[in-house]
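Between the sequences and the hints, there should be enough to build the whole structure, so can you do that?
The chain contents come next:
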Amino acid sequence: MRDFILKRAASLILPFIFVYGIYVILHGAVSPGGSFAGGIIVGLSFIAFSTIYGIEEGQAKLPEKVLVWTESYGTLWYGLMGMVGLGRGVPFLANKLAGVDPGTPGTLSSGGLIPLIGLGVGIRVASTFVTLFFTMMEEER
Amino acid sequence: MTALIRTNLPVLVVIAPLFVAFILPPLARRIRLVEALAFLATVFGFGAAGYLAAVVFAQKGSPFIYQLGGWPAPWGIELVAGNLGVFFLLAVTGVSVPVLLFGRGNLTAEVGGAGRVTRFYVLYLLLVGALAGMAVTNDLFNVYVLVEVVTLSCCGLVSARRHPRAAEAAFTYLVLATLGSALVLGGIGLLYLLTGHLNMGFAARELGRAWPDYPHAVLMAVSFTIIGFGVKAALFPLHVWLPDAHATAPSPASAILSGLAVKGYLICLLKFLYGVFGGVLLRELAVHRILTLLGVTGIIAGSILALAQEELKRRLAYSTVAQVGYLVLGFGSLNVTGLVGALFYLASHAVIKAALFLSAGAIQQATGKRKIRELAGVGRKMPVTMAAFTIGSCGLIGLPLFSGFIGKWYLLLGSWEAGMFLPVAAVLAGSVLCAAYLLPVIRAAYFAPAPEEDWQDPGRPQRLALLMLATVVLALGVRPGPFLELARKAAAELLAYY
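Respectively, the protein sequence lines represent chains A and B.
Just so we're aligned: 124 in the working numbering is position 108 of the first sequence, and the numbers increase by one with no gaps anywhere.
Just so we're aligned: 1636 in the working numbering is position 454 of the second sequence, and the numbers increase by one with no gaps anywhere.
In case anyone wonders, no lab produced these hints; they're calculated from the structure.
All values reported here derive from a predicted model rather than from experimental measurement.
In this text, a Cβ means the ideal position worked out from N, Cα and C, and glycines have one as well.
Among the hints, a few may not be true.
Said to hold, decoys possible - Reference listing, derived: stretches of chain B covered by chain A, where coverage requires no fewer than 3 residues with Cβ under 8 Å from a Cβ of chain A:
(1) 1247-1258
(2) 1427-1437
To be verified - Take a look, some chain B residues computed to stay more than 12 Å from chain A by CB distance:
(3) 1558
(4) 1598
(5) 1629
(6) 1636
(7) 1637
(8) 1638
(9) 1645
So this is what it looks like as structure tokens:
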């Protein structure tokens, strides 16, 4: 319990960092940033957690098994979103042509499939980032 | 459902391996399932390539154009399965099936546990998908993305073996390949700056108008692409990473790296040189002379370096450097015959080098010996493996009735037609040198006294893979017919504007 102040402060700040990452991912279609940057922020919240509370705590929160799943299926999600239009006879990665409602420009629901694709990318980037960190920490030991 | 697959085939052939690659990691424990899925993905790719070839053939060579997202050409990204694309697709998917088959149940010895084997398959499928993408892409920036995917998955494959030498080789490769990527990106950036287009067709048209105004920028773009792709394709003075990387990788990885990955960059280079810059510009800037010179030095130096190697896999790796020289020499001939030779030789070398590396891997695995002079009597102990090696060697040397002969013959005729005699001499000298570095292996394997050890041919899937590749070498040599025709159409198309 030597790092009492650090741990208290982190427990107050980290949830907000995490939520901000989600915010950046979801607003990727309408504002600067996007799913890659947002994914890194989300990953960063886990990395900060693991450095402050210890790597074991971090790995308990996000076991390797979960990371493997999110890493693979985040990317797969992107591909599946690209295939939405195939059934309607329009090409791969079609958005408006695939019959998706593009929504009102400038609002969160605009962009059709783009926010959904961004969600997959964000999940993938976050988990890759955390995996990289865990791998490097394991090599340290 | 079938109509759905058929109309989307140019994109499916790229994303199907990628999809399967992303399904695999969570299944790492069930190695049989992983192997089966990866195998299915490559077989699907081969079927798709065959179907696309039939479509292009039925349309009398006019390409199957696919617009991603439904956006038409100058704005959207195009995939073009034309003669050239289909030709390379057939080569990629055709070689990827037997190489994968060779790895079946055999990788644990070289790579490690189930998790590492799964990772190997993931990287392998990413590589195959990206190479298929290189075949069909018609977009400059897509080329860059695919180049990166191929490079990174190659680095992963090189380091797949748990060995300090593998890590070192992968790191050297990574550093030099990054340099190559940066140069390629610089070339693409300059082209985009000059033309305002990323679509190859539009960029070519615009460049034809713009280049007299910006001769230096065009010259820089040309040199960036040649050197960038040259580093990645191990063009002679830039080959330093290749021998270590290809000799230390697990044998299926060496086969695919030497056979296909290097060729992917060369196909991209071909698309840039003829599809974007165009023959007129190449002649104007004397690029064809540079290419020919690079090819000639590559052939001679690569062959001599191969001759100096004592380890079998290193000798084969240096031989790849020499064969890249042949291809670049063909690119520089600026006539249909030379390009046909380069294309056909590209495909035939992909098959031959895969066969050679796989049989070398099988020998190394069975005997534990790396040096050539320790391989005395292998031919009698491992007949199937050594037969595949012998057929591959004959093909590489360019004996008639083997696929290498036809490629070399057209390269020879093309150089003759271009009125350049140095390349003619280099092609012939390369064959002699090739015989000099491959025949001693065969002589040792068959005619030297065999030791008392119990060396055996590898298991059934491995033997089947070797036989498949050897059959293709022979089949292409005896009846090149439709495949040669496809190469001819692709070459004519590349030179159409010239």
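Right, here's what the structure says about each hint:
Closer than 8 Å: that is the beta-carbon criterion, and the stretch 1247-1258 of chain B has 5 residues meeting it against chain A, so the requirement of 3 holds. Restraint check on the stretch 1427-1437 of chain B versus chain A: 0 residues with Cβ-Cβ distances below 8 Å, three needed, restraint violated. Distance check on residue 1558 of chain B: its Cβ is at least 43 Å (rounded) from any Cβ of chain A, clearing the 12 Å threshold; non-interface status holds. Against the 12 Å criterion, residue 1598 of chain B stays outside the reach of chain A, whose nearest CB is about 45 Å from its own CB.
Listed as outside the interface, residue 1629 of chain B is consistent with that label: its C-beta sits roughly 49 Å from the nearest C-beta of chain A, beyond the 12 Å cut-off. Its beta-carbon lying about 40 Å from the closest one in chain A, residue 1636 of chain B satisfies the requirement of being farther than 12 Å from that chain. The Cβ of residue 1637 of chain B lies farther than 12 Å from every Cβ of chain A, with a closest approach of about 38 Å, so its non-interface assignment holds. Residue-level check passed: residue 1638 of chain B sits 37 Å from the nearest beta carbon of chain A, beyond 12 Å.
For residue 1645 of chain B, the non-interface assignment is confirmed: its Cβ lies about 33 Å from the closest Cβ of chain A, beyond the 12 Å cut-off.
Consistency note: the structure conflicts with earlier hint 2 alone.
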